[in-house]
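A.B. asks: Below are the chains, spelled out letter by letter.
2 protein chains.
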Amino acid sequence: MKVAIYGYGNLGRGVEYAVSRQEDMELVGIFTRRDPAAIHPVSGVPVYAADRLDEFTEAVDVLILCGGSATDLPHMTPALAGKFHVVDSFDTHADIPAHFAAVDKAAAESGHVALISCGWDPGLFSLIRVLGSAVLPDGADYTFWGRGVSQGHSDAIRRIPGVVDARQYTVPVPSALEAVRRGEAPDLTVGQKHTRECYVVAAEGADKARIERDIKTMPNYFADYETTVHFISEEELQRNHAGIPHGGCVIRTGKTGWQGENKHRLEFDLTLDSNPEFTAGVLVAYARAVGRMSRRGVTGCKTVLDVAPADLSPLSPEELRAHML
Amino acid sequence: MKVAIYGYGNLGRGVEYAVSRQEDMELVGIFTRRDPAAIHPVSGVPVYAADRLDEFTEAVDVLILCGGSATDLPHMTPALAGKFHVVDSFDTHADIPAHFAAVDKAAAESGHVALISCGWDPGLFSLIRVLGSAVLPDGADYTFWGRGVSQGHSDAIRRIPGVVDARQYTVPVPSALEAVRRGEAPDLTVGQKHTRECYVVAAEGADKARIERDIKTMPNYFADYETTVHFISEEELQRNHAGIPHGGCVIRTGKTGWQGENKHRLEFDLTLDSNPEFTAGVLVAYARAVGRMSRRGVTGCKTVLDVAPADLSPLSPEELRAHML
Numbered sequence: 002m003k004v005a006i007y008g009y010g011n012l013g014r015g016v017e018y019a020v021s022r023q024e025d026m027e028l029v030g031i032f033t034r035r036d037p038a039a040i041h042p043v044s045g046v047p048v049y050a051a052d053r054l055d056e057f058t059e060a061v062d063v064l065i066l067c068g069g070s071a072t073d074l075p076h077m078t079p080a081l082a083g084k085f086h087v088v089d090s091f092d093t094h095a096d097i098p099a100h101f102a103a104v105d106k107a108a109a110e111s112g113h114v115a116l117i118s119c120g121w122d123p124g125l126f127s128l129i130r131v132l133g134s135a136v137l138p139d140g141a142d143y144t145f146w147g148r149g150v151s152q153g154h155s156d157a158i159r160r161i162p163g164v165v166d167a168r169q170y171t172v173p174v175p176s177a178l179e180a181v182r183r184g185e186a187p188d189l190t191v192g193q194k195h196t197r198e199c200y201v202v203a204a205e206g207a208d209k210a211r212i213e214r215d216i217k218t219m220p221n222y223f224a225d226y227e228t229t230v231h232f233i234s235e236e237e238l239q240r241n242h243a244g245i246p247h248g249g250c251v252i253r254t255g256k257t258g259w260q261g262e263n264k265h266r267l268e269f270d271l272t273l274d275s276n277p278e279f280t281a282g283v284l285v286a287y288a289r290a291v292g293r294m295s296r297r298g299v300t301g302c303k304t305v306l307d308v309a310p311a312d313l314s315p316l317s318p319e320e321l322r323a324h325m326l
Numbered sequence: 002m003k004v005a006i007y008g009y010g011n012l013g014r015g016v017e018y019a020v021s022r023q024e025d026m027e028l029v030g031i032f033t034r035r036d037p038a039a040i041h042p043v044s045g046v047p048v049y050a051a052d053r054l055d056e057f058t059e060a061v062d063v064l065i066l067c068g069g070s071a072t073d074l075p076h077m078t079p080a081l082a083g084k085f086h087v088v089d090s091f092d093t094h095a096d097i098p099a100h101f102a103a104v105d106k107a108a109a110e111s112g113h114v115a116l117i118s119c120g121w122d123p124g125l126f127s128l129i130r131v132l133g134s135a136v137l138p139d140g141a142d143y144t145f146w147g148r149g150v151s152q153g154h155s156d157a158i159r160r161i162p163g164v165v166d167a168r169q170y171t172v173p174v175p176s177a178l179e180a181v182r183r184g185e186a187p188d189l190t191v192g193q194k195h196t197r198e199c200y201v202v203a204a205e206g207a208d209k210a211r212i213e214r215d216i217k218t219m220p221n222y223f224a225d226y227e228t229t230v231h232f233i234s235e236e237e238l239q240r241n242h243a244g245i246p247h248g249g250c251v252i253r254t255g256k257t258g259w260q261g262e263n264k265h266r267l268e269f270d271l272t273l274d275s276n277p278e279f280t281a282g283v284l285v286a287y288a289r290a291v292g293r294m295s296r297r298g299v300t301g302c303k304t305v306l307d308v309a310p311a312d313l314s315p316l317s318p319e320e321l322r323a324h325m326l
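Just so you know, the protein sequences line up as chains U and S, in that order. For any residue, its number in our numbering is found by taking its place in the first sequence, counting from 1, and adding 1. For any residue, its number in our numbering is found by taking its place in the second sequence, counting from 1, and adding 1.
Keep in mind that the hints are not guaranteed to be accurate.
Stated by the list, open to error - Heads up, simulated DSS-like pairs for lysine-lysine below, C-alpha to C-alpha not over 27 Å straight-line:
| # | chain 1 | residue 1 | chain 2 | residue 2 |
| --- | --- | --- | --- | --- |
| 1 | S | Lys-84 | S | Lys-106 |
| 2 | U | Lys-256 | U | Lys-106 |
| 3 | U | Lys-3 | S | Lys-84 |
| 4 | U | Lys-84 | U | Lys-106 |
| 5 | S | Lys-84 | S | Lys-3 |
| 6 | S | Lys-84 | U | Lys-256 |
To be clear, the hints were calculated from the coordinates, so they are not data collected in a lab.
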């Protein structure tokens with residue numbers, strides 16, 4: 002299977018590495034809106050200007066879109082789904098139905114498969130939420146994120162005057178996690194489920210008390226959470242907070258029996274050194290499924306919820322049944 | 002959707018309870034090879050003799066087979082897949098390819114869908130193994146079972162002369178579990194992953210030392226494991242070991258990055274008060290998928306690896322995308 006990458010940031014680089022570990026896939030090129038001559042991928046794969054993409058419609062089986070959800074993917078995915086089978090990682094949960102509609106129209110009209118909102122949340126976590134609620138209908142599910150770096154919250158802190166750099170960790174509240182695991186099915190606000198830990202490099206002479214207040218009172222991002230702010234040096238930020246770890250869990254607890262006398266817990270946990278590299282691994286596995294679905298004549302917009310697990314694996318159905326079932 | 006149950010032991014009863022929690026399903030009957038007059042289901046659903054099943058081919062959308070893997074399902078599933086869309090929980094891992102072939106022939110020839118080996122292992126655990134290996138190809142996966150009651154091992158102890166009753170718990174070795182979670186990818190034999198805890202009621206005057214030796218040296222079942230034997234009274238067995246709890250986990254650890262510099266862990270855990278009732282919940286969710294696949298014209302034998310998650314849920318694709326993705 003021949004795949005290409007569109008957009009070469011952390012996620013695009015992760016896809017480059019992930020494809021190199023898949024024996025049934027070949028990376029035919031990286032497409033960028035920057036100057037291709039300025040990009041030197043470690044794999045040595047050719048880099049092309051994004052506007053040359055139309056030359057590659059025959060050479061690429063699946064195009065993996067590595068743009069951002071805020072400004073790139075809402076127009077990028079519908080546009081490219083008219084020319085390629087594509088996978089994206091659109092993760093603005095509230096806007097998924099609108100994104101789906103736009104992509105579905107383009108993909109259905111042009112006869113392509115476009116899989117959107119792929120990654121771990123939305124993505125693998127969505128799959129587990131659906132699975133958990135289907136097998137334990139009398140129950141409740143919970144999603145916790147972290148401990149991990151939230152890029153959006155880190156960016157929000159960086160926009161505060163006097164802030165040079167920042168890293169924000171989302172951290173699950175241990176007592177909330179334990180109550181959920183015990184099957185108590187508590188009602189929890191987002192702020193009761195997570196705390197926010199901020200590591201901030203302030204500019205020389207900046208008013209740290211004001212910065213801390215600006216962070217803690219920021220609506221949506223921090224005001225509803227217990228937030229701690231640590232001022233650190235640029236060196237310490239680089240030394241201790243350079244990685245992009247993340248993770249989290251989906252927990253479904255529920256009852257069975259004629260009178261609900263038996264309790265059950267289903268839990269799915271991720272602990273990730275590199276959020277973009279793991280996300281890339283998910284995109285690449287689903288790109289395989291997109292390639293297979295396209296060969297079966299499937300068209301239109303799909304999500305991880307429409308993909309049978311066997312389509313993710315390089316193994317044949319016979320091998321899967323003999324060794325993995 | 003109209004479903005029926007074939008076989009009314011612990012699993013069949015669990016299916017009866019599970020269907021009652023699904024708003025889009027109706028249980029039309031229980032079929033038994035015993036005397037129907039002797040069975041009084043708590044749901045009040047009619048009980049029929051198994052040989053009347055042919056009268057119900059139009060009335061039943063999906064038949065859920067609740068026989069045992071050792072002697073029932075190898076002939077039951079192929080025979081009934083010739084007349085109904087069926088789901089079974091065949092769990093003898095080594096014999097799955099042969100069972101698949103027999104069921105596929107019957108189902109394909111008669112135009113039915115037959116989903117085999119459904120439950121949590123094989124079943125949900127299989128799905129996670131496939132998912133984990135697809136997204137983290139450079140890694141290793143581990144399945145641990147327990148702490149929970151193994152029916153097969155309990156039965157094996159009961160066959161020893163002088164044993165009145167017994168309950169055997171399979172227990173993961175904590176240090177093995179921790180090494181796996183740390184990403185050490187250790188080589189582990191089954192005996193290094195699990196210990197076996199036996200609670201035995203001996204007959205009056207029986208030679209307990211001989212019974213203990215017979216258990217600990219039993220090939221395949223106990224000889225390769227660290228096994229502990231506790232002799233207890235009939236009353237204590239009933240009081241403390243009447244339930245059928247089980248559980249376990251699938252852990253995939255792996256590396257990403259150009260040189261494998263980042264580590265990741267994916268883990269799926271189940272903690273179940275009642276093994277048969279949870280398994281029944283899985284069967285019922287997959288029965289929904291079988292019903293939908295049959296309406297789309299799918300035929301032949303399938304496994305959980307062939308089912309898209311959306312087909313398990315009573316929610317519409319639009320609802321799933323808006324609320325679960």
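A.B. asks: For each hint, tell me whether it holds in the structure or not.
C.D. replies: Hint-by-hint comparison with the structure:
1. As the CA atoms of Lys-84 of chain S and Lys-106 of chain S are separated by approximately 13 Å, the hinted pair is consistent with the 27 Å bound.
2. Distance check on the hinted pair: Lys-256 of chain U and Lys-106 of chain U sit about 41 Å apart at the alpha-carbon level, beyond 27 Å; violated.
3. As the CA atoms of Lys-3 of chain U and Lys-84 of chain S are separated by approximately 43 Å, the hinted pair breaks the 27 Å bound.
4. Restraint check for Lys-84 of chain U and Lys-106 of chain U: satisfied, since their Cα atoms lie roughly 13 Å apart, inside the 27 Å limit.
5. Simply put, Lys-84 of chain S and Lys-3 of chain S have alpha-carbon atoms about 15 Å apart, close enough for the 27 Å limit, and the pair holds.
6. Using a Cα cut-off of 27 Å, the hinted pair Lys-84 of chain S and Lys-256 of chain U is violated, with the two alpha carbons roughly 33 Å apart.
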